[in-house]
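Enquirer: Using the sequences and the hints given, assemble the complete structure.
2 protein chains.
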Amino acid sequence: MSNKIEFVKREQLKEKPDPKNLGFGQHFTDYMLSYDYDKDKGWHDLKIVPYGPIEISPAAQGIHYGQSVFEGLKAYKHGDDIVLFRPDQNFKRINNSLERINMPKIDEEELLEGLKQLVDVERDWVPEGEGQSLYIRPVVFATEGTLGVHASHNYKLLIILSPSGSYYGGGSLSPTKIYVEDEYVRAVRGGTGFAKTAGNYAASLLAQTQANKEGWDQVLWLDGVERKYVEEVGSMNIFFVINGKLVTPKLDGSILPGITRKSIIELAKKLGYEVEERHVAIDELIELHDKGELEEVFGAGTAAVISPVGKLKYEDREITINNFETGETTQKLYDHYVGIQSGKIEDPNGWRVVVPKY
Amino acid sequence: MSNKIEFVKREQLKEKPDPKNLGFGQHFTDYMLSYDYDKDKGWHDLKIVPYGPIEISPAAQGIHYGQSVFEGLKAYKHGDDIVLFRPDQNFKRINNSLERINMPKIDEEELLEGLKQLVDVERDWVPEGEGQSLYIRPVVFATEGTLGVHASHNYKLLIILSPSGSYYGGGSLSPTKIYVEDEYVRAVRGGTGFAKTAGNYAASLLAQTQANKEGWDQVLWLDGVERKYVEEVGSMNIFFVINGKLVTPKLDGSILPGITRKSIIELAKKLGYEVEERHVAIDELIELHDKGELEEVFGAGTAAVISPVGKLKYEDREITINNFETGETTQKLYDHYVGIQSGKIEDPNGWRVVVPKY
Ligand SMILES: Cc1ncc(COP(=O)(O)O)c(C=O)c1O
Ligand SMILES: Cc1ncc(COP(=O)(O)O)c(C=O)c1O
Numbered sequence: 001m002s003n004k005i006e007f008v009k010r011e012q013l014k015e016k017p018d019p020k021n022l023g024f025g026q027h028f029t030d031y032m033l034s035y036d037y038d039k040d041k042g043w044h045d046l047k048i049v050p051y052g053p054i055e056i057s058p059a060a061q062g063i064h065y066g067q068s069v070f071e072g073l074k075a076y077k078h079g080d081d082i083v084l085f086r087p088d089q090n091f092k093r094i095n096n097s098l099e100r101i102n103m104p105k106i107d108e109e110e111l112l113e114g115l116k117q118l119v120d121v122e123r124d125w126v127p128e129g130e131g132q133s134l135y136i137r138p139v140v141f142a143t144e145g146t147l148g149v150h151a152s153h154n155y156k157l158l159i160i161l162s163p164s165g166s167y168y169g170g171g172s173l174s175p176t177k178i179y180v181e182d183e184y185v186r187a188v189r190g191g192t193g194f195a196k197t198a199g200n201y202a203a204s205l206l207a208q209t210q211a212n213k214e215g216w217d218q219v220l221w222l223d224g225v226e227r228k229y230v231e232e233v234g235s236m237n238i239f240f241v242i243n244g245k246l247v248t249p250k251l252d253g254s255i256l257p258g259i260t261r262k263s264i265i266e267l268a269k270k271l272g273y274e275v276e277e278r279h280v281a282i283d284e285l286i287e288l289h290d291k292g293e294l295e296e297v298f299g300a301g302t303a304a305v306i307s308p309v310g311k312l313k314y315e316d317r318e319i320t321i322n323n324f325e326t327g328e329t330t331q332k333l334y335d336h337y338v339g340i341q342s343g344k345i346e347d348p349n350g351w352r353v354v355v356p357k358y
Numbered sequence: 001m002s003n004k005i006e007f008v009k010r011e012q013l014k015e016k017p018d019p020k021n022l023g024f025g026q027h028f029t030d031y032m033l034s035y036d037y038d039k040d041k042g043w044h045d046l047k048i049v050p051y052g053p054i055e056i057s058p059a060a061q062g063i064h065y066g067q068s069v070f071e072g073l074k075a076y077k078h079g080d081d082i083v084l085f086r087p088d089q090n091f092k093r094i095n096n097s098l099e100r101i102n103m104p105k106i107d108e109e110e111l112l113e114g115l116k117q118l119v120d121v122e123r124d125w126v127p128e129g130e131g132q133s134l135y136i137r138p139v140v141f142a143t144e145g146t147l148g149v150h151a152s153h154n155y156k157l158l159i160i161l162s163p164s165g166s167y168y169g170g171g172s173l174s175p176t177k178i179y180v181e182d183e184y185v186r187a188v189r190g191g192t193g194f195a196k197t198a199g200n201y202a203a204s205l206l207a208q209t210q211a212n213k214e215g216w217d218q219v220l221w222l223d224g225v226e227r228k229y230v231e232e233v234g235s236m237n238i239f240f241v242i243n244g245k246l247v248t249p250k251l252d253g254s255i256l257p258g259i260t261r262k263s264i265i266e267l268a269k270k271l272g273y274e275v276e277e278r279h280v281a282i283d284e285l286i287e288l289h290d291k292g293e294l295e296e297v298f299g300a301g302t303a304a305v306i307s308p309v310g311k312l313k314y315e316d317r318e319i320t321i322n323n324f325e326t327g328e329t330t331q332k333l334y335d336h337y338v339g340i341q342s343g344k345i346e347d348p349n350g351w352r353v354v355v356p357k358y
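Line by line, the protein sequences are chains P and B. Each residue of the first sequence is one higher than the last, beginning at 1 in full-length UniProt numbering. Each residue of the second sequence is one higher than the last, beginning at 1 in full-length UniProt numbering.
Among the clues, some could well be false.
As the list makes no split between identical chains, a pair holds if one copy fits it or if it spans any two.
Unchecked claim - Simulated crosslink set (BS3-like; lysine-lysine; CA at most 25 Å straight-line):
1. Lys245 to Lys262
2. Lys311 to Lys213
3. Lys105 to Lys213
4. Lys291 to Lys177
5. Lys250 to Lys47
6. Lys4 to Lys92
Just so you know, the hints here were simulated from the structure itself, not pulled from any lab data.
Expert: In structure tokens:
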């Protein structure tokens, strides 16, 4: 298991980007993990190879029929150590995603081991500024080059790494403005919403672009059946603080089960909050707001960690949350959560996984 | 407009496949059409190049976020001529698909001209056996290699060509067995169902595989909201003959507007049939069947043209349609339709487009 995997060295290492201008997902490290699947051999040929263009068939089913799933997690620098945050959860989720669109599962342990070896090779790429991290992107896609619509017989798995800047530019949390989408639908029960499939993101782009044009940062999706219950934001799950209680939409098949969501729920309970996972109607939120009981709203996801919501627009109503300021509960959860991620506070749950020096 | 586009010759032409064993989408011709888009230049660099692997970034957004749409149409050999069937409709539909997932539209005329020149080069690849054709697959996908979720700034369009066998092995129509899917959902109003996006097909694979395992050829999708109204089959629209009338689900945002569907409706009206586009509940179909009024069922799509349905399974009911035989109306529409496509009968609507000799 912890044998060293094949390593194909590149001729010349790349120049590292300016740590002040990392952005998100713009720069990639020197190496990537590569793994192939075919029907006869199963998963094979796990190796670390130079990051660079790959060759695919013009008929590759991943492109034509969207058989593609991905994950996103982060590595942090803690002094001399590199630490992954709950990576087991991402490999568990990728298997759920793979299953949903008829792709072969991976061995979670083996992939985690491969990832550790890759990150070990790329230690110097993990940025150390506040809020900075090495973003890790596993992706699996169909490579069979034939046009019949069926589950592909060939797949490629890659893990690519991207040093990324702080979501908040290193400063304090800043509230976002969110548009409640009432025309387009992201996912519906029975569909692929709970899986991290490529197609879910394609389906979300038009609404996102239109909301941006009108000055909104993100969209909040409603359920596809009744167009009534809030689901999640573009790449975050959503939380509400209602009369001191933490409330979040329950996982019902159409919402991505975020790892940040899960962790925040666990953390909040430890901190003494009551947490409710249930259906939350958009009309209920507006009413609660009008009664002064919708105290805080925030999104939770790997990229932003926690992102306070300052404004919500639904149909012809615009409501302002907590004076467009970061609320107390939001800040408290953020501080604890980032404290654990960055190594500043204790990690009683073993969420941090130190990358060995191989 | 009809200037000759750039042509990059390949060193050696491929060997042509055995016309008796073409299958579908297995073999590809010597050349493909290639077109690139970037934000500054727009669509540029239209050319005919050797068919072969393409290089993409491991972070290509088409793979990670499913920004990819495609089309499917056919060319037939009529004596010395090569004929395309309603290609204008496919380029119109690809623009609707592109728009839905926030991709740049193409110039329909220009692409049709490019396609004609490509097919002209590949004349010898169009098979001439009964029911055989050259399947044409345009595909457009995002190539930008960055990980932020947004509409990509770079795209590639390819048109690839595949000589394909007869769906019915040259023989007569044979009825299929169809499973009415009551667990998984393909599309929902507000989503991408009406567009030919890659993700729609990924979403459909698991249900298809499970149905196949239980001996059913295809699944019939129900609407995602009420799970009550029939929508379409895997890659066909669906028609019912009810008391001599032709009935098909109306286009409501979640169904692909098939070009065969549209053509069959036009043709049937000319032949004197009454045609109804409306919601069709699965329970209504079962009831009609029990009363002896569900006379025929067939699917309609480019691949199969018309495919009679002999059995439907919904929950614990299995119903047999027309004694598991091809019905009179189905056969009549098939004969007329294929007659027009193959050049055997008149084409009063100008559906056939002859490829010029450049
Ligand atoms: C649609 C969607 N919802 C929620 C999340 C949050 O998930 P996680 O906390 O695992 O990053 C993400 C981000 O990955 C997402 O893409
Ligand atoms: C989902 C779906 N529905 C219907 C059709 C039929 O469309 P057309 O007649 O244009 O081939 C297709 C095939 O292309 C399809 O993929």
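Enquirer: Work down the list of hints and note, for each, if the structure agrees.
Expert: Hint by hint, here is what the structure shows:
1. Lys245 to Lys262: within (16 Å within a copy, 54 Å between copies)
2. Lys311 to Lys213: within (16 Å within a copy, 50 Å between copies)
3. Lys105 to Lys213: Close across copies (19 Å), not inside one copy (39 Å); limit 25 Å.
4. Lys291 to Lys177: within (21 Å within a copy, 57 Å between copies)
5. Lys250 to Lys47: neither (39 Å within a copy, 51 Å between copies)
6. Lys4 to Lys92: within (23 Å within a copy, 53 Å between copies)
The earlier numbered hint that this structure contradicts is number 5, and it is the only one.
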